[in-house]
Amino acid sequence: MAGTRKDKQLDRRWIFLLIFMGVAIPLIFTIGFPIETTENVRLVNEMIDKTTKGSKVIMSFDYDPASKPELHPMGMAIMNHCFEKGLRVIVVALWPMGVQMAEEIFSDLTEKYPQVIYGEDYINLGYKAGGIVTIQAMGSNFREVFPKDMNGNEIDDFPILRGVEDFSNIGFIFSLSAGDPGIKQWVQVAHDKYGVPLSGGVTGVSAPAILPYVNEQKQLNGLLAGLKAAAEYEFLIETPGTATSGMDAQSIAHLIIIVFIAIGNITYWTTRKKVKREGEK
Amino acid sequence: MKRKIPLIITFAVGTLLILSEFIPHKPFGRLSGELENWFLIISGFAIILGQLSLFKVNIIKIKRKTPNWQYFIITLVSFMIMVLIGIFWGTEKNPGIFGNGQIIVDTIGYKPFDYLFHNVYQHLQATMFSLLAFFIASAAYRAFIARTVESNLLLFAAILVMLGNTSLGSSLTGWLPHSLSFLHLPRISEFIMKYPNTAGQRAIMIGAGLGIIGSSLRIILGIERSYLGGK
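Order-wise, the sequence lines are chains B and Y. Take 435 as the starting number for the first sequence in the numbering used here and just add one per residue. Take 3 as the starting number for the second sequence in the numbering used here and just add one per residue.
Next comes chain B alone, as it looks inside the complex (with noise of 0.2 Å):
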């Protein structure tokens, strides 16, 4: 008997080791591959730079610690290339997890930006419930949304949200998306309604649902879409990070999975001729 198909699949815990030592190894030795740089991208690094100094900006964390590996590289990035550009960043999260995210970063870059200042070029307004909701209200009436930041201070208080009522004199807005509510609704209100320039991160998983709203109608301009693309808005504005160390990892885990696709390809094949000839006599 030639055995089933099931009898000759590999152990999944070699699988697993492999996956481990694949991810682990090129964390620590870096090889270095090159990084080359796709359209939605650029188009994201090309709005950020067109942006006129000064100008207020949304950044919304819709994502939490399970999605960090993917979206906090991003976030990092392009709050560096706001800073570096000199707008003024007003985060707000539609997923409680989210403001530390937002924090997390922000006390990152005080040591690399010393002159921006909480409060005129930064602001945290924390975490608001309601998803679709509430971006279609902070269209309406951003203060009544927001009327204190995240640490319970009054926004009148702060130089930032001065002639800030509704999404009006808002540069553009950046999501950082790992589900609902995030990006779409962003897109359906900010963008759809109120037409404000939008663009945003997601992680690889989802970005195949989001893509579509890259499109002639500039509902979204560009896409930074996984760690990918984080790794390349690190390479557009010159600043290496977390993303662009765990792209080696991602190509060799990405590769032992195609092996093991082969591998599982040529057991099947084989096992079915050597019954089908078994069958036969």
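This list has only true hints and no planted wrong ones.
Under the rule of at most 27 Å between Cα atoms (straight-line distance), these lysine-lysine pairs were calculated in the BS3-like manner: (1) B:LYS582 / Y:LYS95; (2) Y:LYS196 / B:LYS652; (3) B:LYS562 / Y:LYS95; (4) B:LYS502 / Y:LYS196.
Each pair of labels, with its calculated beta carbon distance range: (5) Y:ALA159 / B:ASN649: 17 to 23 Å; (6) Y:GLN53 / B:ILE700: 48 to 54 Å; (7) B:ASP626 / Y:THR77: 36 to 42 Å; (8) Y:THR77 / B:LYS627: 35 to 41 Å; (9) Y:GLY231 / B:PHE463: 55 to 61 Å; (10) Y:GLY216 / B:LEU451: 47 to 53 Å; (11) Y:GLY216 / B:GLN622: 17 to 23 Å; (12) Y:ILE7 / B:ASP614: 27 to 33 Å; (13) B:PHE450 / Y:TRP177: 32 to 38 Å; (14) B:ASP614 / Y:LYS4: 29 to 35 Å; (15) B:ASN649 / Y:LEU185: 23 to 29 Å; (16) B:ASP591 / Y:LEU185: 54 to 60 Å.
These are computed hints drawn from the structure, not numbers from a lab. Bear in mind that the values here come from a model prediction, so they are computed numbers and not experimental data. Every residue gets a Cβ at the ideal spot worked out from N, C-alpha and C, and that includes glycine.
Following the hints, complete the assembly by docking chain Y onto the known chain B.
Chain Y only, in chain B's frame:
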């Protein structure tokens, strides 16, 4: 009457919100703005309701000693610890009822809530998500088999996108001359994502959009009543 009043409210509010999209002037615009505020307030309460529900569901499971009931105790204990230390000593910049817990901050470097958030919660969540890599690899090995034309197409597209989405893909075909640059793996990956994928996704989105309109109308008109509970 118990069912009629919610149905009337749903009909009135639903109709009003649809009208306000087309007539954003008084009184529709203002009323819809007011209703948005109501929604935000109710959403805040929904979080509390969710926490109470979490408590209730877990306590019932522990009482009934359902399989793995010990894990539900861990859930509740973890939940209580985070809630209580948040109330007692607050978070990063907000004091709790016992102030800022300066002695604890001097000892561990963070407030207790932030310490657990940075050192326990974040890593637990990242670990859970990272485990996917192992299971995806194992599942791909078992399930990605070229049995039919469709599965061949899927397999081929998946491999191209997987390679194109890494720096390795750029290195593998980076040497190609300019005239053959359309064969460059990142280009192929971009093409697959931009055209076949977008076309398929748009079809799904249009279908889902029509479905949402249909089910919303059913709710507004009182045909769909399952949200009221009961039959």
